[in-house]
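Undergrad: Once you've looked at the hints, dock chains B and C against the given chain A.
What follows is the residue order along each chain.
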Amino acid sequence: MTEPVIFEYSRPGRGARDQWPREGGAAAESDLPEELRRRRPPALPEVSELETVRHFTRLSQLNFSIDTHFYPLGSCTMKYNPRACNQYAMLPEFLAHHPLAPESHSQGFLACLYELQEMLKAVTGMEGVALSPMAGAHGEFAGVAMIRAYHRARGDLKRNEIIVPEAAHGTNPATATMCGCIVREIPVQREGDVDLEALRGVVGANTAGIMLTNPSTLGVFERGIEKVAHVVHEAGGLLYYDGANLNAILGKVRPGDMGFDCMHMNLHKTFSTPHGGGGPGAGAVGVAARLLPYLPVPLVGREGERYRWLTEADLPQSIGRLSAFMGNAGVLLRAYIYMRLLGRDGMRRVGEFATLNANYLLKRLQLAGFDAAYPQRRASHEFIVTLKRQARELNVTAMDFAKRLLDYGLHAPTTYFPLLVPECLLIEPTETESKEVLDAFVMAMSQIQKEAEHEPARVTSAPHTMPVRRLDDVRAARQLDLTWKPKG
Amino acid sequence: MSNVPPDLRYTKAHEWVRSLPDGTVEVGITDHAQHALGDLVFVEVPETGRRLKAGEQCAVVESVKAASDVYAPLAGEVTAGNPKLAQEPETVNAAPYGDGWLMRLKPAPGAIASAALLSAADYQKVLDAEGS
Amino acid sequence: MAFIPHTEADVAAMLAAIGVERIEDLFDEIPPQLRINSLGGVPEELNEMQVGRLMSERARTDGTMLSFIGAGAYEHHIPAAVWAIATRGEFYSAYTPYQAEASQGTLQLIYEFQSMIARLTAMEVANASLYDGASATAEAALMAVRANRKSKSARILVPTTLHPHYRKVAVATASNQGLRFEELPYCSAEGIILPASLARYDGEDITALVIQQPNFFGRLEDVDALTDWAHAHGALAIAVVNPTSLALLKPPGEWGMRGVDITVGEGQPLGVPLSAGGPYFGFMAARLEHVRQMPGRIVGRTLDVAGREGFTLTLQAREQHIRRAKATSNICTNQGLAVTAATIYLSLMGPQGLERTAGAAHARTRELLAMLTRIPGVRSAFTGPYFHEAVLQLDRPAATVLKVLAREGILGGLDLTGYYPELGNALLVCATETKTSADLERYRTALSEALQAARAA
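Protein chains in written order, with my numbering: chain A, 141 to 628; chain B, 214 to 345; chain C, 9 to 465.
One chain only, chain A, in its complex shape (with noise of 0.2 Å):
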């Protein structure tokens, strides 16, 4: 079931004639200097437009997807992506128009952006909010680079240090480094909630903020957080959101509320914007009435009825600019769309039933024998199985149970994230999940169960179904091969 590399089909002389220009390079060879000029052409693929369309079609069927399959990955949020966002996302007039046309001929694109920073400010009962961030980290590095401009603004230099739960998703420490910062980490109780009493002996005058996600990355909802908020406060620091798991709260709590300064917004989670296999996210950024001076460049501003952008002259104490243009517009206007289609009513029932099929799930799980790691908490929008006591007693491990889910048409939730948590499924059903999909679920894990129990090795050895089944990793990064060469 292989599809052999595109440049395997390639044949000199091939391609798909009919879609090039007419004209050739003669104008341009007669005016590029000699020394300056391409030798040879590059060795790109010759291949038909039937051959392309068949090769990425059949690329395509060999994934799975939001469309084909359950995807309950934790902390992703991999809920229906609806086509409607896109279809009207990529309206010609959309698609045609260019980053640097004149605001007298943007006013409808400009629109819609305008009411997506309202709407988002809305949900999470912040101030400001900039849309320019192009993905959740990029949003994460506005954030605590906003919350270093902030203490840097009143003299207060010394304050270079972010506090991170050591059960964070990695993203927070790397960028808490990449703006200069030191990283503090603390730890978190049996009960799954940040340790109070290790944050005190943290906090102090280098504290420049803190940065959690609630419900945190355990599934789990931060129970204290309006005490941890005074601690960091009383400190002198500040608090940043990190919003991949805002799903569970949608309409029901809002970041502002519980104390945070600063906050990211994942669009492609949250707010369904396709995944697209690695990409374009979006992560814009919402902040406190204290930081809005500091918040990237452009927004989009309204006097009267009509838009303009907001640049460096009308914020000059921005962080700056972290795009070339208007970041992911066309995934902006994605969100928007999804976001016109929910309402007000509809957030409120993503966070409810985000959290009842989490519960249900979670439930379920447990009457069919598996170990939730928080036993005794409720589920967030997600929650967390441990495989420890099947991997002591019959070697059989989160990793095996996730390649084998595979065979049974489901993709494997998260593993091994939190690292706290050892051998761990992190469990999102997101709200768009039907009540059948998910017992279909428990059923193919009770399988697996019993099959680790009787013939382990089909476990073990799983997946058995797929194209490929348990890559040489520590090949792939030993001998490298990054880039196609033909054999011989």
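Hint data in this document are derived by calculation from the structure and do not stem from the laboratory. A couple of the hints might just be wrong.
[Claimed, not checked] Under the rule of at most 20 Å between Cα atoms (straight-line distance), these lysine-lysine pairs were calculated in the PhoX-like manner:
hint	chain 1	residue 1	chain 2	residue 2
1	A	Lys-528	B	Lys-278
2	B	Lys-266	B	Lys-225
3	B	Lys-266	C	Lys-160
4	A	Lys-528	A	Lys-627
5	A	Lys-590	A	Lys-503
6	A	Lys-503	A	Lys-528
[Stated by the list, open to error] Here are the computed distance ranges between Cβ atoms for each label pair:
hint	chain 1	residue 1	chain 2	residue 2	range
7	C	Pro-13	A	Gly-509	20 to 30 Å
8	A	Pro-327	C	Ala-24	49 to 59 Å
9	A	Arg-179	C	Glu-65	47 to 57 Å
10	A	Pro-327	B	Ala-279	43 to 53 Å
11	B	Glu-301	A	Lys-367	25 to 35 Å
12	A	Gly-320	B	Arg-263	21 to 31 Å
13	C	Gly-426	A	Gly-320	29 to 39 Å
14	C	Ala-25	A	Glu-331	55 to 65 Å
15	C	Ile-44	A	Gly-441	23 to 33 Å
16	C	Thr-168	A	Glu-366	45 to 55 Å
Don't be surprised by glycine CBs; every beta carbon is placed ideally from N, CA and C.
TA: Chains B and C alone, transformed into the frame defined by chain A:
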């Protein structure tokens, strides 16, 4: 149970130190460390001639699941980095105390004494406390 | 509409299974004072039909202008097959390929993309993409600091002929990590960096030199001399290139005596629509010796347990989810869909199609410049070689002229007054293969009339 040769000295950061007859020392990572990392895919050793302070980051060992910094167990000057590891990083897994040595250092005066290296027995206690 | 499939019966059964009365009970761990009942500030829902009307109205309000602007985003013909395939559900709604067995389609596509970029740029290795050309430039500077062990200064020389937004993004992204960006002035007669002007840095510790080709003005820099200067002075050479131009121009891997160390650029011209500024993608390629310093994802080919070839993410130990605070970058994504489109586009175009596209775009620009410079009050700012974009100087303010053109539905170019005041009334114009002779004539007439009107006023 990992291997802890009695004739070597150790650090809490899972490095070993062997005194060589010519007065230099040889440094590597312990069996416990190589096992925790898994199959190594890449090792970076410091250049010859580089002067290191005790505790300074001087090498990197990378597997598919982790990349770890290695710190100088004592102050000194690098007399050699193991040339084999660029092509065969797996040597560290196969022979962490033998062919998988990372570097050799000429210790600065008094460096060995002030490094407060652990004996094999004390290092074993460190491992026991970590629950391995 | 929230795309929630549950019936009332489903909800009742699920609540019973969990052992609670109402959905609200599931939120009982959240302090009641934090819970909200409804969202003010969010309008009521719309159904698809209503949303469709709304978006169509908004699109109609903006219409489509006849565009003669580039400035980092270029209008090229995109074959229909590109996005028909890129928006297939299996590509559109797939996640990052962490479970390799379930993602061979995406992984193989990225491997093919990496291969094409490496060949196009004549570099040894490429990654799976970064956010855009501007952020890729910032990442290249950060990478150069990591890779250039002999240099301690973290000083990066940046020409003022590099796109102004790219320079801003580099500063905003990398200054927090101690990088210092120093601007190199260009020669105002030539519109390029004169290699001789680098002499003032002789003997200084410079970590990297950035070279954009073509530069922001569309002019061609002396890339060989600049690259060799960098290497002779212990600095790495970073190329920022337009991928379409590489069909005709010497690729960065062949600049100077040994080629550049890192190449980046904006991939949008390769099958990605203008789309109001994004999503685009930044490509990055480098010498193999620097691969461990590259940020972002990389796909490698390997074997599985049964000896079959397959693709997987590799060298992940550099990345945020493993290295955490010591990661090469915090980047957690690549521009998946845009990269998918570019890979399909490059397959359809092939070397000849790309060459023809580059050639035709340049020919249109040449034709446009010839027509426009015959208008009194319009002249070319620079005389040297250029590629598919150029600067005109007018005898009236560009802003005034552009407003008049806009009323005719023509986007006449970019007013450079704010970015390069020393150039006077300057306009950056570009014509691609998408423009016909009739289009050029329409522009010529409109510009001529606009200038006459401005003079009369």
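Undergrad: Each hint needs a verdict: does it hold in this structure or not?
TA: Hints, one by one, checked against the model:
1. Between the alpha carbons of Lys-528 of chain A and Lys-278 of chain B the distance comes to roughly 19 Å, so the proposed pair stays at or under 20 Å and holds.
2. At most 20 Å may separate the alpha-carbon atoms for a hinted pair to count; Lys-266 of chain B and Lys-225 of chain B meet this at roughly 17 Å.
3. A C-alpha spacing of about 18 Å is found between Lys-266 of chain B and Lys-160 of chain C, which places the hinted pair at or below 20 Å, so the restraint holds.
4. For the proposed pair Lys-528 of chain A and Lys-627 of chain A, the alpha carbon gap of about 45 Å is over 20 Å, so the pair is violated.
5. Distance check on the hinted pair: Lys-590 of chain A and Lys-503 of chain A sit about 19 Å apart at the alpha-carbon level, within 20 Å; holds.
6. For the proposed pair Lys-503 of chain A and Lys-528 of chain A, the alpha carbon gap of about 19 Å is at most 20 Å, so the pair holds.
7. Range check, Pro-13 of chain C to Gly-509 of chain A: about 28 Å between beta-carbon atoms, so the 20 to 30 Å window is met.
8. For Pro-327 of chain A paired with Ala-24 of chain C, a C-beta distance near 38 Å fails the hint of 49 to 59 Å.
9. Taken as a hint, the range 47 to 57 Å holds for the pair Arg-179 of chain A and Glu-65 of chain C, whose Cβ atoms sit roughly 52 Å apart.
10. Separation of Pro-327 of chain A from Ala-279 of chain B is about 20 Å and departs from the stated range, judged on CB atoms against 43 to 53 Å.
11. For Glu-301 of chain B and Lys-367 of chain A, the hinted distance range of 25 to 35 Å is not satisfied, since their beta carbons lie about 53 Å from each other.
12. Between Gly-320 of chain A and Arg-263 of chain B the Cβ separation comes to about 26 Å, which falls inside the hinted range of 21 to 31 Å.
13. The supplied range of 29 to 39 Å is met by Gly-426 of chain C and Gly-320 of chain A, whose beta-carbon atoms lie about 30 Å from each other.
14. With their beta carbons about 24 Å apart, Ala-25 of chain C and Glu-331 of chain A fall outside the hinted range of 55 to 65 Å.
15. With their beta carbons about 27 Å apart, Ile-44 of chain C and Gly-441 of chain A fall inside the hinted range of 23 to 33 Å.
16. Range check, Thr-168 of chain C to Glu-366 of chain A: about 50 Å between beta-carbon atoms, so the 45 to 55 Å window is met.
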